[in-house]
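S.K.: Sequence:
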Amino acid sequence: MSSDHLAHQHHTTGAFGVDTFACVRCGLTVSAQAADGTRRNHCPSCLHSRHVLDQVEGGPSECGSRMSPIAIAVLRTGDWTLVHRCLRCGELTSNPVCGDDNQLILMRMAVRPLADPPFPLEAFGTL
25 MSSDHLAHQH HTTGAFGVDT FACVRCGLTV SAQAADGTRR NHCPSCLHSR
75 HVLDQVEGGP SECGSRMSPI AIAVLRTGDW TLVHRCLRCG ELTSNPVCGD
125 DNQLILMRMA VRPLADPPFP LEAFGTL
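Quick note on our numbering: the sequence shown kicks off at 25 and runs consecutively.
Hints in this document: simulated from the structure, not taken from any laboratory. Just so you know, these numbers come straight off a predicted model, no measurement behind them. Glycine included, each C-beta is placed from N, C-alpha and C at the ideal position. Hints should not be assumed to be uniformly reliable.
[As the list claims (entries may be wrong)] Pair ranges (Cβ atoms, derived):
| hint | residue 1 | residue 2 | range |
| --- | --- | --- | --- |
| 1 | T150 | C50 | 42 to 50 Å |
| 2 | R132 | D103 | 16 to 24 Å |
| 3 | R100 | G51 | 32 to 40 Å |
| 4 | T62 | T150 | 43 to 51 Å |
| 5 | F143 | S92 | 21 to 29 Å |
| 6 | P142 | L99 | 17 to 25 Å |
| 7 | D124 | G149 | 37 to 45 Å |
| 8 | A46 | L116 | 19 to 27 Å |
| 9 | G61 | I94 | 21 to 29 Å |
| 10 | S89 | G61 | 27 to 35 Å |
| 11 | T53 | L111 | 15 to 23 Å |
| 12 | M131 | E86 | 33 to 41 Å |
Given the sequences, and given the hints that come with them, work out the whole structure.
M.R.: Rendered as structure tokens:
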């Protein structure tokens with residue numbers, strides 16, 4: 025998702041002229057600008073987002089449902105990106121990780137494939 029995501033999300037301008045939005049999962053009031061100066065489109069606490077952009081058609085999505093963080097991907101540049109899945113329609117999106125995102129949740133997602141692989145670990149004992 026791009027920074028245009030926030031143009032379609034329910035957000036307000038706070039007392040100091042800062043765009044904010046309420047997290048669709050935990051209700052936290054979130055600044056649309058991350059601590060590192062980049063635009064954010066997900067909650068830094070629980071990492072959830074709202075489905076507001078249609079990745080297939082381009083432009084706004086009429087879905088509006090919650091996007092759940094399901095994985096971490098590491099780009100060729102070494103930057104981390106969050107992979108979200110819409111809980112209503114199943115569409116997948118990716119969003120850059122922000123410097124103030126919940127590090128515990130990020131690490132849990134990063135090690136999940138190692139902690140719970142899709143195959144029995146006993147297979148490595150015979151190699």
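S.K.: Quick check: which numbered hints come out false for this structure?
M.R.: Violated hints: none at all, because every hint is consistent with the structure.
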